[in-house]
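Colleague: What follows is each chain in one-letter form.
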Amino acid sequence: MGWVILIVVLVLVVIVIGIVVGMYNGLIKLRNAVKNAWAQIDVQLKRRYDLIPNLVETVKGYKNFERETLEAVTKARNVALQASSSGAGVAERGKAEGELSGALARLMVVVERYPELKANQNFLALQEELTSTENKIGFSRQYYNDSVLKYNNQTQMFPSNIIAGMFNFKSGEFFEVTAEAERQAPKVNFA
Amino acid sequence: MIWEQIRSNQVKSIALVVLMAVLLLAIGYFVGLIFFDNWIAGLIIAAIVWGIMNLIAFSQGDSIVLAMAGARKISRDDHPRLFNVVEEMKIASGLEKMPDVYIIDDPALNAFATGRDENHTAVAITSGLLQKLNRDELQGVIAHEIGHIRNRDVRLMVLLSILLGAIVILSWYATRFLFFSGAGGGRRGSSKGGGGGQIIILVVGLILMILAPIAAQIIYFAVSRKREYLADASSAQYTRYPEGLASALEKLATSNTQVQKANKATAPMYIINPLEKRSLSAESLTSTHPPIAERIRILRAMAGGSYADYERAYKAAKGGGGIMPASALVAQDTVGLRAASEDTGPVESVPQKIERARETSDLMYKLDNYRIIDCDCNTRLRIPPNYRSPTVRCPHCGRIHKTPNS
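Residue numbers (my numbering), protein chains in the order written: chain R, 1 to 191; chain F, 1001 to 1406.
If we strip away everything but chain F, and leave its shape as in the complex, we get:
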């Protein structure tokens, strides 16, 4: 179960964080030797860069991420269905505090979770995805995101991405500086006129500065991929309905719009990689996410909704070892799946799709402070915030309505 899973993951996670930290300090060490002839100065610089980034990330990192993604917070009245689904999954996962719900005005299909700790969490979903998914699929996606929160992936990924960021920044500036100021720079002129030892330090340092960011990224992406599988397993466990997420992923895979405000740093947070061209391609060292086709295949092969069921399906699909931490599988057997919700037949009706599209666009208008009037002739009037006249005429039937106060 989750609790043991977190514990086992923590050991490995700490090892990874330490490994990345060592990489960062190693770079600091060489920066110090090359530029200041003093390795301690380099370590201090590395620690300061790291410390500042940590401070920012853990005091307001979640709001920065949400702002960068262009996410806007919504309330229950804005979209009751989305809110209810988040609440349902909060209950199923045993999360204590309801996450904030955000929406991103973007036709691309994606979602992510973020948060500093269990009391400050948020799930964000693009308007495009909200519009495309039926209730079961939405539930699967939200459960996947809450799985990230429950498995404490958010915090781990923040820690790792800070280290990665610090490594990248430090190496980038150091190599640029070396190239543009001429190897060694003026600083070293005052030193004891370096011999062969200096050159070796320079070469080793340079190689490290080029390789470390790549190595750090590979670690980061590997963790990210594994966490995606785990969150998929959590989603099945919470919803008892892996088909919901599978069918949602299928819809995600067929869309090829990229999220506009995503970038390399925020990519691992999304449910599928927001930058990659959707080519269902094979897993590679630099993918943040496992191939969608594979995730779907595993979910569809699940015979029940438990972690043990996911592990079996995973082994069957990939061959060889499993993915779940052993402690997550303790005394776990298969648990039954539930049936599809009533409103989600195999084929979606057109009115259903239209209704969802309308719902979502109403939500986006409301967030932009438009006022909405339902005319008796079944026309929906959307009045822009800068419309000041006290009355408005329905363009369809000519009825006069009072303009509501915004």
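The shape of chain R in the complex, shown without the other chains:
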């Protein structure tokens, strides 16, 4: 009789361990997804740095194109690039990127006044790339937030919250865009 109880207890222990391992791995997977989503945002930001010199080069050729607008874009790009490579704080980077977005948007408004430019195939191709890169930046941030939501749900809901507490899974922070010009980026800081 004794060994029957022993086997039952053993089976229960194995099942519990299995569930714990499953939840732990699930949390790890979600947390990695969040990290990966964060890295994807950088990929798109870098793509934008790479596109801007081409754009400036193409637009510069047009007579009387507003110098200040172009210079503002170049400057904002260099500031943002500087911030990204020097490992500046996330908030500072977010601000620089926000300013770059603003400068680019102003450039696109100015372009409307140059019909010849809008007929230039080369420029149109660049414009498509830039528009899409802006979208991709937005969508990668959106996906980052979706991943954080998924991950946070898992760390807060019963019963996986017990595992999350035991192994110190901290909640992820959402990326929030507050105002057009100043975008506060969150700190991604996982234990």
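Among the hints, erroneous ones may be present.
Claimed, not checked - Simulated crosslink set (DSSO-like; lysine-lysine; CA at most 30 Å straight-line): (1) F:K1315 / F:K1251; (2) F:K1012 / R:K29; (3) R:K29 / F:K1315.
As the list claims (entries may be wrong) - From the structure, some residues in chain F lie toward chain R, with a derived Cβ separation under 10 Å: (4) R1081; (5) F1083; (6) R1135; (7) L1208; (8) Q1237; (9) Y1238; (10) T1239; (11) R1240; (12) R1338; (13) A1340; (14) D1374; (15) N1378.
Since the hints were derived computationally from the structure, they do not count as laboratory data. Positions of the beta carbon are idealized from the N, C-alpha and C atoms, including for glycine.
Starting from the structure of chain R, add chain F where the hints point.
Modeller: Quick look at chain F alone, frame taken from chain R:
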């Protein structure tokens, strides 16, 4: 969210696949009894038909489907906008690998997604649709297709359509055989000279062979309809702009050209049923897709872009129960929608439409190996692949151009 949604769907999906498999085996059972006096032989035949079809579908099913639809793979340079939109939705959905992009040379308006698994996926769109949609609408349609991939609809539908196909094939041949060889056939002559039991088996088997394909189709279509709603919800979730898909569907609804290379087997894959006359008609048991008008109404009623928002809009539009799996709605609240893109005003300008039409036709010419020269007089020369002379004269202004090498 998607992950939980897949899990909950999987249980129901497995149940459906099992149900269809049982139907198939039941037919096999009766085929065996009627033709060979041996039910095991029938089961083996059913399993072999099923196995072969599975083997084909999962080794090269996606390429067969694409070939059947007359789809051609394009590269980024062929159509940057389409490629970018697919990439944007790949990012928004968190899909790991970029789907291949295909184009179908057909004026009808439609699109579909296919693939064996998450690493071999493809989205295909007709040239007609590509030409008609603005950026936001294209995004909505592509997001719907990527939703199918992300929700693993493609695999489920392949599994179900194989079972359906096997059931149809087996029943079709068995009933034909029965009718043409005279009930029972020569095979049974050697048996113990069947009595009443044989006749009952024959009748039950015949009824099953007639009804099973119909039942299987009804299951298949019901799954297909539900998956369309889910993919619409995914599209809204990825784009945060349900109006894009709604307005695209509106354009799809007003077109009444049918896709030339679509058939009954491939119909459920398309974003709208490629065979049905566009009558915005009511939902019926044999439609592969929910009525377009209803899908549009739900999308337009969404207050936000989340699955929870879709569920609310769905309930409001249809009354009664929802459509989303409960697990997709866990801890989900409304999420804000984004504004329309800048180039998509309420009314499309004519130059925009012309530009899109030109873009698409250039793409189709390029795929046919035409060479393209832009003359300084704003004429675009398209040189057919069999043109061999080293120079070509612009028919409009008379300038002489060098023929580029193809």
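Colleague: Tell me if the straight-line CA distance from K1315 (chain F) to K1251 (chain F) falls inside 30 Å.
Modeller: The given pair, whose Cα atoms are some 25 Å apart, holds under the 30 Å limit.
Colleague: Minimum Cβ distance from R1081 (chain F) to chain R below 10 Å?
Modeller: holds, 6 Å
Colleague: Is the shortest C-beta separation between F1083 (chain F) and chain R less than 10 Å?
Modeller: holds, 9 Å
Colleague: Hint L1208 (chain F) vs chain R: min CB-CB distance below 10 Å?
Modeller: violated, 42 Å
Colleague: Does the structure keep K1012 (chain F) and K29 (chain R) at a Cα separation of 30 Å or less?
Modeller: holds, 25 Å
Colleague: Would the hint on R1240 (chain F) be counted as holding, given a Cβ-Cβ threshold of 10 Å to chain R?
Modeller: Status holds, d = 7 Å.
Colleague: Quick check on T1239 (chain F) please, does its C-beta sit within 10 Å of some C-beta on chain R?
Modeller: holds, 9 Å
Colleague: Minimum Cβ distance from R1338 (chain F) to chain R below 10 Å?
Modeller: holds, 8 Å
Colleague: Please verify that hint: D1374 (chain F), Cβ, nearest Cβ of chain R, below 10 Å or not.
Modeller: holds, 8 Å
Colleague: May I ask you to test the interface hint for Y1238 (chain F) with respect to chain R, counting a Cβ-Cβ separation under 10 Å as satisfied?
Modeller: With Cβ-Cβ at 8 Å, under 10 Å, it holds.
Colleague: Holds or violated: Q1237 (chain F) as interface residue toward chain R, Cβ cutoff 10 Å?
Modeller: holds, 8 Å
Colleague: Would the stated hint for A1340 (chain F) survive a check requiring a Cβ distance to chain R of less than 10 Å?
Modeller: Given a least distance of 13 Å, the restraint on A1340 (chain F) is violated.
Of the numbered hints listed earlier, those contradicted by the structure are 3, 7, 13.
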